[in-house]
Amino acid sequence: MMVAARHGRWTAVLLAPSVGLIGIFVLVPTVLTVWLSFHRWSTQTGFGDAAWIGLGNYQDLFGIGSVGRDFRQAMANTALYAALSIALLLPLSIGFGVLVHQARLRGAGVLRTVLFSTYMVPMIAVALVWSKLYSPSEGPLNQMLGWVGLGPSPFLSSPGTALVSIVFLNVWQQVGYFTVLVVAGLTQIPDPLYDAARIDGARPARLFRSITLPLLRRTLLFSGVIALINAVQVFEPVALITQGGPIGSTNVMTYHIRRVGIERAQGGLGSAMAVALLLALVVAVAAAFALARREPEA
Amino acid sequence: MGDIQLKEADVLAAVLLAMPRFGAAAEIAVSFLTHWPPETVARLKAAADRYQEVHPSVSVAIRAVPFGDLLTTLRSQAGRENGPTIAGIYDLWLPELARDGIIAEMPAAQAADVGANWPQAVAGAASVGGKPYGYPNEIDLYALIYNKRLFAEAGIAVPPKTWDELLAAADKLTARDGGRITRQGFGLINSWAAGVAHPFGSLLASNGGALIAEGKPALDSEAARQSFELIQTLIDRKLSDPTMATADANTTGPYLDNFVSGNTAMIIMANWWESALRAGMGDRFADIATAPIPVGPKGNGPHPVSYTWLTVVNAAAGEEERAEAWDFLAWLNGPQSGEGGASAMGGLLLAMGILPSRSSDIAAFADRLNTPFLKGYVDQLPAARPFPVVLGGQEFTEALQQHLEAMQYGQATAAEAQAAAQSDAVSILERAAQ
Chain H
-18 MMVAARHGRW TAVLLAPSVG LIGIFVLVPT VLTVWLSFHR WSTQTGFGDA AWIGLGNYQD
42 LFGIGSVGRD FRQAMANTAL YAALSIALLL PLSIGFGVLV HQARLRGAGV LRTVLFSTYM
102 VPMIAVALVW SKLYSPSEGP LNQMLGWVGL GPSPFLSSPG TALVSIVFLN VWQQVGYFTV
162 LVVAGLTQIP DPLYDAARID GARPARLFRS ITLPLLRRTL LFSGVIALIN AVQVFEPVAL
222 ITQGGPIGST NVMTYHIRRV GIERAQGGLG SAMAVALLLA LVVAVAAAFA LARREPEA
Chain S
407 MGDIQLKEAD VLAAVLLAMP RFGAAAEIAV SFLTHWPPET VARLKAAADR YQEVHPSVSV
467 AIRAVPFGDL LTTLRSQAGR ENGPTIAGIY DLWLPELARD GIIAEMPAAQ AADVGANWPQ
527 AVAGAASVGG KPYGYPNEID LYALIYNKRL FAEAGIAVPP KTWDELLAAA DKLTARDGGR
587 ITRQGFGLIN SWAAGVAHPF GSLLASNGGA LIAEGKPALD SEAARQSFEL IQTLIDRKLS
647 DPTMATADAN TTGPYLDNFV SGNTAMIIMA NWWESALRAG MGDRFADIAT APIPVGPKGN
707 GPHPVSYTWL TVVNAAAGEE ERAEAWDFLA WLNGPQSGEG GASAMGGLLL AMGILPSRSS
767 DIAAFADRLN TPFLKGYVDQ LPAARPFPVV LGGQEFTEAL QQHLEAMQYG QATAAEAQAA
827 AQSDAVSILE RAAQ
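Going down the list, the protein sequences come from chains H and S. Positions -18 to 279 (my numbering) are the ones given, in order, by the first sequence. Positions 407 to 840 (my numbering) are the ones given, in order, by the second sequence.
Hints may be right or wrong, so weigh each one.
With a straight-line cut-off of 35 Å between C-alpha atoms, the simulated DSBU-like cross-links for lysine-lysine are [unchecked claim]:
no.: 1; chain 1: H; residue 1: 113; chain 2: S; residue 2: 704
no.: 2; chain 1: H; residue 1: 113; chain 2: S; residue 2: 554
no.: 3; chain 1: S; residue 1: 644; chain 2: H; residue 2: 113
no.: 4; chain 1: H; residue 1: 113; chain 2: S; residue 2: 578
no.: 5; chain 1: S; residue 1: 554; chain 2: S; residue 2: 781
no.: 6; chain 1: S; residue 1: 704; chain 2: S; residue 2: 644
no.: 7; chain 1: S; residue 1: 578; chain 2: S; residue 2: 567
no.: 8; chain 1: S; residue 1: 578; chain 2: S; residue 2: 644
no.: 9; chain 1: S; residue 1: 554; chain 2: S; residue 2: 622
Residues of chain H placed beyond 12 Å of chain S at every Cβ, according to the derived structure [said to hold, decoys possible]:
no.: 10; residue: -9
no.: 11; residue: 138
no.: 12; residue: 250
Here chain H is said to cover these stretches of chain S; the calculated rule only asks that three of the stretch's residues, wherever they fall, bring their Cβ under 8 Å from a Cβ of chain H [what the hints assert, rightly or not]:
no.: 13; region: 470 to 482
no.: 14; region: 500 to 511
no.: 15; region: 591 to 601
no.: 16; region: 674 to 683
no.: 17; region: 809 to 815
To be clear, the hints were calculated from the coordinates, so they are not data collected in a lab. Ideal Cβ positions, reconstructed from N, Cα and C, are used throughout, including at glycine.
Hey, can you work out the whole structure from these sequences and the hints?
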C-alpha cells in the first residue's frame, strides 16, 4: 500500500514538469480563447474589459451578414486549399519516394537532397520568389507558356486561379518533406514480401498495388494529417503576395483571423473563428483516422 | 574617530555633488515606430541625432516595419509600457486606438500648436471628439495620373475632365491582341483595401456623392449608383483589365508594374506614388503628368479623397517618456528643425514625394511643390474630401473593396455591388458603434 502511494507520488513528481508546461502553453491559451469567444473584446485592451455576449459571436459567424459571409468564404478557401494540397502532395511524395528508394537508380541521393532542400527554404523567400515567377507580364512561367503557344495565365491576379497558384507553391515547398516520410515508410516494408510475390508471378504494378500501398497506410495517414495541419496553417504566401484577394479568393482562415482579431481588434470574434477552426480540424483529423481504421475491414 | 567622520562627510558631499550629474546623464529612451522605407528612416534618424545633440538625456530609436505589418504591430505592442513610445498611424485607425485608450491625448501646448499651425480639416482628422491625439504629418490625396507619351500617340491633347471624356480617352488608349487587353486605357486596383476604396471615393465625391454622410453610409445615393456603373462600364467595354490591377502587401505589384511599363495609360493614385514611379521609370518619368479627378454627371468639380498620417504617443509609456516624446515631436514638426523655415518632418516627407501638412511647410516648400507631378495634387488640396474617419472604418473599407472587386471580375453587377456595399456598411458601422 505504502509502496503504491510512494510510486504514485513519484509518478506525479516526474510528470509535473511536462504536464505543467503543456498546461501553461497549450491548455491555458486554448481555454482562454474559448472563453474570449463568448465575449466582445478589443484586442487592444486587457481581458478584464471583455464583455460577455454569450453566443453572439457564433451567431455572427453563421449569420447572413458580412461577418458570416467572409468567415464561410475563408473556411471554404481553407478546406479547398487543404484538399488540393493533400491531393497533390500524397501521390507526388509516393512517386518521388518510390523513385529515390530504388537502390539501383543513379543519383538517388542527389535527387533526395534536391527534393528535401525546398523544404529548408523559408516560406517568406519561397513566397517572394514565386510571386515574381507568377508575374503576369514579366514572369518566367508565362514566358514559358508562351513558348508552347499557351496564352498568359493571370495566376495570382484572378480569383479563379489565385488559390490554386498558392497551392502549387505550397506543394513545391513541402513535397520533399513528405517524400522523406514515404521513403522512411518504404524502408519498413520487408523485402521477402516482394520476393515471395515475384515468385508468384506478380508484376511491378501489382507489387505496388498489393504490397507497397497497403503497407504504407500508416505512413500515408500520418503524412495526410500533417499535410492537413500544415495546410490549415498557411499564412505567409497569403500575407505577402495576395492579401487574401482578389475578391477574398485566397482569404484563408489564419489570415482572416489575423485580419479580424488583430487588424480590426475584434478579439472576441477572432477567438470564435479560431475555436470554429479548431473544431473543424479536430473533426477532419478524426474522420481521417476513422476512415483509415475502417478500410481494412472493407 | 574624528578622521573617520570627516571621511564619511567627504564621501557624502561627493555623492550629493554627483547626484545632479547622474540625473542629467540618465537617458530617457524614446522609440519611434514607422512604416517608412530605409532611406526615409535614415533621414528621420539624422533628425533624431540633431535633436539628441541639444537633448543629450534623450535617445530616440527608430524602428521600421512594412506597411502591411504596421497595424498588427501597433495592435499587439502599443498600449504596453514597453511598446513603441511614438508611432506613425493612418488616420482611419485613430478612433479605435483612442477609444481603447492606447494613445495619449495631446498636452495643451502641443494641441494649441496643431490648432494654430495646421489647416483646420487636417487638424480635425487628427482628433476624436474634438480632442487632438497627434501631430499630423503627411497628407495624401488622389489625382488622375496619365502617360503623356501614350496620350500623344493616341492623338489625345488634354487629360479627360469628365467621365464621358474619361471613357472616350480610355477607349482610344486601350490596345488589344485578339480578345486580350495588352494595354488598358484606365487602370483599376485590387487586393488592397485603400487602393480600391480611395480612387472609388474620389470618383464618387467628384460626382457629388460621399461614402459616409453625417455618420451614416451613403452608398445608396444616385451619385453612388452612377459611380458603380462607371466601374462596370470600364470592365464591360474592356477598357480596364482586373488581372492587371492586383497589388501586394508592399502596395506594389502588377498594378504598378503595368503603369511603369506603359501597359496602363491612366490610373487614379495618390501623390506618394511619385517615388515608386521615379524608381521604376527612370528617365521615362518625364512622360508622367497629373490632372484633377474627372467629374461625373452630378458633380460640381473634382474632389479627390484625402487622408492623413499622424504621429501619436503611447498612453502606457512612463510620464517622463511621454513628455520627452511630445517634446521631440513638437521639435520635429516645428519650423526650427528643418531648413529655410520648414520642419524636419516636412523635409523628409517631401523627399518621398509626400505632401507635408503644416501650413508653414507648404509655404516653405512652395518651389519644390511646384513640379509637374506634385502641382496637380497641391492645387486640389482645397477641394479634397477627407476619407471618413469613423469607428469600424477599416472594416467598412474592406467590405467596400470586396464588392468593388466582385464587380471588377464580373461576379456582381453594379446594382448588386451597390446594394451589398450599402447593406454591409450599415451593419458594420452599427456594430462598431455598440
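Each hint, compared with the structure:
1. The suggested pairing of residue 113 of chain H with residue 704 of chain S is violated, with an alpha-carbon distance near 42 Å, which exceeds 35 Å.
2. The straight-line distance between the Cα atoms of residue 113 of chain H and residue 554 of chain S is roughly 28 Å, inside the 35 Å bound, and the hint therefore holds.
3. At roughly 26 Å between alpha-carbon atoms, residue 644 of chain S and residue 113 of chain H fall within 35 Å of each other, so this suggested pair holds.
4. This hinted pair checks out: residue 113 of chain H and residue 578 of chain S have alpha carbons roughly 31 Å apart, not beyond 35 Å.
5. Restraint check for residue 554 of chain S and residue 781 of chain S: satisfied, since their Cα atoms lie roughly 16 Å apart, inside the 35 Å limit.
6. With a C-alpha separation of about 24 Å, the suggested pairing of residue 704 of chain S with residue 644 of chain S holds against the 35 Å cut-off.
7. Taking the CA atoms of residue 578 of chain S and residue 567 of chain S, the gap is near 16 Å; set against the 35 Å cutoff, the hint holds.
8. Straight-line distance between C-alpha atoms of residue 578 of chain S and residue 644 of chain S comes to about 12 Å, which keeps the hinted pair within the 35 Å bound.
9. Restraint check: the Cα-Cα separation between residue 554 of chain S and residue 622 of chain S comes to about 40 Å, which exceeds 35 Å; the hinted pair is violated.
10. With a least CB separation of 42 Å from chain S, residue -9 of chain H remains clear of the 12 Å interface cut-off, as annotated.
11. Remark: the non-interface label on residue 138 of chain H conflicts with the geometry, its nearest Cβ contact in chain S lying 4 Å away (cut-off 12 Å).
12. Some Cβ of chain S comes within 12 Å of the Cβ of residue 250 of chain H; the nearest lies about 10 Å off, and the non-interface call is violated.
13. With 5 residues having a beta carbon nearer than 8 Å to a beta carbon of chain H, the region 470 to 482 of chain S meets the requirement of three or more and the stated coverage holds.
14. With 6 residues having a Cβ less than 8 Å from any Cβ of chain H, the region 500 to 511 of chain S passes the three-residue criterion, so the hint holds.
15. Figure legend: the region 591 to 601 of chain S, annotated as covered by chain H; annotation consistent (3 residues with Cβ-Cβ distances under 8 Å, at least 3 required).
16. Proximity of the region 674 to 683 of chain S to chain H, defined as three or more residues with a beta carbon under 8 Å from a beta carbon of that chain, is not established by the 0 residues found.
17. Residues of the region 809 to 815 of chain S with a Cβ under 8 Å from some Cβ of chain H number 4, which satisfies the need for three, so the listed coverage holds.
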